[in-house]
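A.B. asks: Next come the chains, spelled out residue by residue.
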Amino acid sequence: MRNGAFPLSFLQARREAIIKEFNGGRGLSQRLAELGLTCGTKVKVVRNDMVGPMIISVKESKLLIGRGIALKILVEELERGENLAQMLGQTNLGGEAIDEGEASCEG
Amino acid sequence: MKAKQVAKDEQKLVLALIGNPNSGKTTIFNNLTGARQHVGNWPGVTVEKKEGELLWEGRTIQVVDLPGIYGFGVHSEDAAIARDYILLEKPDVVINIVDATNLVRNLYLTLQLLEMGANVVIALNMYDELRAKGADVDTARLSELLSTPVIPTVATRGQGMKEIISQALEAAKAKGRSPLRIDYGREIEAEISDIERYLSSCPKLAEKFVPRWLAIRILEGDEDLLRVIGGFCDLDEIKTRREAALNRLESIFGEEIESLIANRRYGFIESVAKEVIRRYQATEDQASISDKIDRIVTNRYLGIPIFLLTMWMVFQFTFKLGDPLTGLIEGLFERLGELMGAWLEGLGAPKLLSSLLVDGVINGVGSVLVFVPNIFLLFLAISILEDSGYMARAAYIMDRFMHAFGLHGKSFIPLLLGFGCNVPAIMATRTLESKRDRLITILIIPLMSCSARLPIYVLFASAFFSSHQGLVTFSLYLLGITLAILMGIIFKSFLFKGESSHFLMELPPYRMPTLKSTFIHMWERGSHFIRKAGTIIFMVTVLIWVLANLPIGVEYASQESALGRIGSFIAPIFKPAGFSSWEAAVALLFGILAKEVVVSTLGVVYGVEESGLREAISQNWTPLSAYAFMVMSLIYIPCIATIAVIKGETNSWVWAALAVSYSLILGWLVAVIVYQGGLMLGLG
Chain C
20 MRNGAFPLSF LQARREAIIK EFNGGRGLSQ RLAELGLTCG TKVKVVRNDM
70 VGPMIISVKE SKLLIGRGIA LKILVEELER GENLAQMLGQ TNLGGEAIDE
120 GEASCEG
Chain W
2 MKAKQVAKDE QKLVLALIGN PNSGKTTIFN NLTGARQHVG NWPGVTVEKK
52 EGELLWEGRT IQVVDLPGIY GFGVHSEDAA IARDYILLEK PDVVINIVDA
102 TNLVRNLYLT LQLLEMGANV VIALNMYDEL RAKGADVDTA RLSELLSTPV
152 IPTVATRGQG MKEIISQALE AAKAKGRSPL RIDYGREIEA EISDIERYLS
202 SCPKLAEKFV PRWLAIRILE GDEDLLRVIG GFCDLDEIKT RREAALNRLE
252 SIFGEEIESL IANRRYGFIE SVAKEVIRRY QATEDQASIS DKIDRIVTNR
302 YLGIPIFLLT MWMVFQFTFK LGDPLTGLIE GLFERLGELM GAWLEGLGAP
352 KLLSSLLVDG VINGVGSVLV FVPNIFLLFL AISILEDSGY MARAAYIMDR
402 FMHAFGLHGK SFIPLLLGFG CNVPAIMATR TLESKRDRLI TILIIPLMSC
452 SARLPIYVLF ASAFFSSHQG LVTFSLYLLG ITLAILMGII FKSFLFKGES
502 SHFLMELPPY RMPTLKSTFI HMWERGSHFI RKAGTIIFMV TVLIWVLANL
552 PIGVEYASQE SALGRIGSFI APIFKPAGFS SWEAAVALLF GILAKEVVVS
602 TLGVVYGVEE SGLREAISQN WTPLSAYAFM VMSLIYIPCI ATIAVIKGET
652 NSWVWAALAV SYSLILGWLV AVIVYQGGLM LGLG
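If you read the sequences in order, they're chains C and W. Taking our numbering, the leading residue of the first sequence gets 20, the next gets one more, and so forth. Taking our numbering, the leading residue of the second sequence gets 2, the next gets one more, and so forth.
Accuracy of the hints is not assured; some may be wrong.
[Stated by the list, open to error] With a Cα cut of at most 20 Å, we get these calculated EDC-like pairs of lysine to aspartate or glutamate:
#1 C:K91 with W:E507
#2 W:K293 with C:E40
#3 C:K91 with W:E256
#4 W:K91 with W:E208
#5 W:K517 with W:E556
#6 W:K205 with W:D79
#7 C:K39 with W:E271
#8 W:K436 with W:D79
#9 C:K39 with W:D292
#10 C:K63 with W:E271
#11 W:K648 with W:E525
#12 C:K63 with C:E98
#13 W:K91 with W:D184
#14 C:K63 with W:E171
#15 C:K39 with W:E251
#16 C:K63 with W:E507
[Stated by the list, open to error] Taking beta-carbon pairs under 8 Å as the criterion, some of the chain W residues facing chain C (in silico):
#17 I385
#18 S389
#19 R401
#20 A405
[Unchecked claim] According to the in silico footprint, chain W covers these stretches of chain C (three or more CB under 8 Å from chain W):
#21 64-75
#22 85-94
Think of the hints as simulated: they come from the structure by calculation, not from any bench. Just so it is clear, CB atoms sit at the ideal spot from N, CA and C, and this is done for glycine as well.
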């Protein structure tokens with residue numbers, strides 16, 4: 020069950036989501052990609068006080084991300100069941116791209 | 002002699018180091034070059050250029066440390082420098098340092114290097130941490146998949162360094178590596194080939210660059226690169242083709258092409274990672290431990306107390322430990338001056354010469370060296386905070402407060418350091434990647450009341466406000482912060498309009514700082530200060546000495562000396578601020594040398610010892626004019642060392658001149674407002 024896409028800035032601490040879309044300009048999406056944030060990537064929120072910057076973990080690293088940018092990243096929250104399924108299925112260290120997520124990004 | 006000749010004749014091999022920030026690149030650079038390093042600036046920019054030499058089997062190999070970057074897509078000075086260096090200078094081998102514990106993200110840069118056609122050797126660093134996580138990498142397979150040598154390394158323990166060097170020498174022999182080709186999918190490939198075909202038709206371009214890579218970068222919107230190609234091709238033709246290509250692709254995908262290209266690259270990397278990473282043991286997830294620390298350290302309620310406690314410890318460490326050492330150096334130079342004076346007198350040397358050596362040279366060297374203990378200790382503390390990973394968390398905690406300045410959390414650390422000494426504070430702005438944030442921070446740091454200004458407050462507050470000394474001193478610190486916020490807003494809205502910056506930074510994992518790297522860090526920054534600021538401080542000290550002694554035969558620093566005359570000349574400017582004596586003007590002039598000199602200068606011009614100074618001042622000033630003078634001392638012109646560092650860090654006299662002029666005007670204005678306002682309120 021998915022609740023539809025919403026800005027990353029509203030994702031609560033300890034919840035996970037898949038990136039669906041960027042609303043930023045040209046430069047921003049390349050900068051995010053270099054830090055590992057692309058469509059289909061799984062992100063987890065470490066801290067979100069709903070004001071000021073938030074801390075997320077992506078791939079094997081942690082990022083401090085301003086609320087302005089977080090508003091431009093649309094994500095779809097993963098339900099707990101999906102999390103578990105994914106954790107069990109995860110075999111590699113950094114491989115968190117999900118095929119179906121990617122498909123919706125390119126489509 | 003002969004060996005030297007041979008080494009010279011042989012063409013010097015150049016190795017360039019590149020990698021993500023926090024990948025251990027600096028440690029590898031230090032391991033390879035040891036003490037044979039040279040720090041300078043890349044031409045025309047503020048980014049530091051580090052070069053060094055490596056002796057290997059009788060040959061000298063040059064090692065260039067490129068800025069830490071995540072890729073070539075961001076329009077930053079760092080990325081442009083790294084790109085242009087690899088593209089135009091063509092180092093023989095590019096050693097790409099890859100954090101093995103964060104393989105996927107790190108390989109994103111590697112992929113771009115390989116697409117560029119660079120002669121890459123991969124150092125798979127922090128291999129021990131990967132093993133501790135219960136995983137390892139099939140390096141042979143990784144090397145095969147990327148057709149590039151891969152060496153596992155542990156830079157902190159010096160493991161794998163020899164292998165890297167010999168592998169790099171091997172790679173240097175086999176020139177002309179064919180660039181990596183990633184399949185970007187039918188539609189994108191068609192557009193790449195179209196632009197690539199056109200580029201290949203430009204004379205000589207294909208000899209120097211890889212046309213396919215240029216085509217990809219053009220589609221990704223690297224405007225800066227067009228300038229490089231401009232010498233070979235018709236740019237209008239390229240732009241037309243690019244626009245057409247982008248239109249076609251966006252009508253197919255309905256999305257920006259950069260995202261598509263990035264996704265394809267990550268797709269390739271994921272497939273590589275899946276094949277080479279082996280997890281053989283389930284250990285407790287390090288990420289979750291780090292998450293737990295982060296939840297405490299960045300906690301809404303605990304975060305700020307932990308942060309304040311840390312900063313308090315840093316200051317205690319810097320000043321409690323440093324001040325006795327500073328006193329020692331001061332005493333040493335005083336004694337040295339006395340001995341030198343007596344010795345010269347015994348030789349019958351002219352008085353002028355002995356004054357030049359004692360008041361000029363020894364005093365000058367001394368005024369540089371008194372900074373050393375505090376600065377080195379402060380840098381040591383900062384290095385520990387940085388290497389442990391805490392510094393990045395502090396930026397998060399202080400972000401909200403920093404918005405008042407129009408800045409992000411990262412600027413907080415440099416500003417805080419400013420209360421100790423403005424010089425290291427300005428140097429600490431190097432961690433700010435946005436140029437706008439960095440310049441604003443540099444410009445407002447001088448408003449942070451450094452420890453050298455404290456003696457001025459102590460003197461005047463004890464002479465006039467003996468029952469409220471602490472309050473008066475505190476009010477000046479507060480005034481500095483308030484003005485810094487005000488100037489931050491002004492600079493943001495007038496000087497750096499429009500250049501908005503995104504707050505986005507990596508939080509490095511918590512690590513135990515190693516003794517060696519912490520000390521190297523401290524030494525690099527500390528010695529940088531001595532070299533850069535030292536010469537300027539010294540020169541100005543001598544200049545002031547000359548002015549105090551001209552015309553020849555005049556009493557040192559008297560009203561008749563050139564310095565005294567300058568003081569008398571500028572004194573009337575301060576009339577509206579309530580202190581128009583030539584003594585005050587001279588004290589302020591000398592204060593530019595170092596703020597604490599204001600106190601000793603007042604002693605010289607009033608012709609009294611420090612103990613009699615309080616009385617001399619209470620006879621010549623009123624409480625109101627004294628407060629206005631303290632305000633002026635707080636704000637006006639940063640000291641010479643600070644000016645020198647602003648020039649050094651921004652690589653331009655313009656910003657140094659701006660810092661001098663705005664602070665002078667602001668200082669005068671506020672001092673006048675305080676004095677005139679006080680008069681109106683009947684406080685005079």
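A.B. asks: Evaluate each hint against the coordinates.
C.D. replies: Results for each hint:
1. C:K91 with W:E507: OK: C:K91 and W:E507 at ~18 Å, within 20 Å.
2. W:K293 with C:E40: The given pair, whose Cα atoms are some 30 Å apart, is violated under the 20 Å limit.
3. C:K91 with W:E256: 15 Å, holds
4. W:K91 with W:E208: Holds: W:K91 and W:E208 sit about 12 Å apart, inside 20 Å.
5. W:K517 with W:E556: 52 Å, violated
6. W:K205 with W:D79: The given pair, whose Cα atoms are some 28 Å apart, is violated under the 20 Å limit.
7. C:K39 with W:E271: 18 Å, holds
8. W:K436 with W:D79: Measuring from Cα to Cα gives roughly 11 Å; hence the hint holds.
9. C:K39 with W:D292: 25 Å, violated
10. C:K63 with W:E271: Between C:K63 and W:E271 the Cα gap is close to 19 Å, so the pair holds against 20 Å.
11. W:K648 with W:E525: OK: W:K648 and W:E525 at ~18 Å, within 20 Å.
12. C:K63 with C:E98: 12 Å, holds
13. W:K91 with W:D184: Violated. W:K91 to W:D184 sits at ~26 Å, over the 20 Å cutoff.
14. C:K63 with W:E171: Not OK: C:K63 and W:E171 at ~43 Å, beyond 20 Å, violated.
15. C:K39 with W:E251: 17 Å, holds
16. C:K63 with W:E507: It holds: about 14 Å lies between the C-alpha atoms, which stays within 20 Å.
17. I385: At about 20 Å, which exceeds the 8 Å cut-off, the nearest Cβ of chain C leaves the hint on W:I385 violated.
18. S389: 14 Å, violated
19. R401: 5 Å, holds
20. A405: 13 Å, violated
21. 64-75: With 7 residues closer than 8 Å to chain W, the segment 64-75 of chain C meets the three-residue bar; holds.
22. 85-94: holds (count 3)
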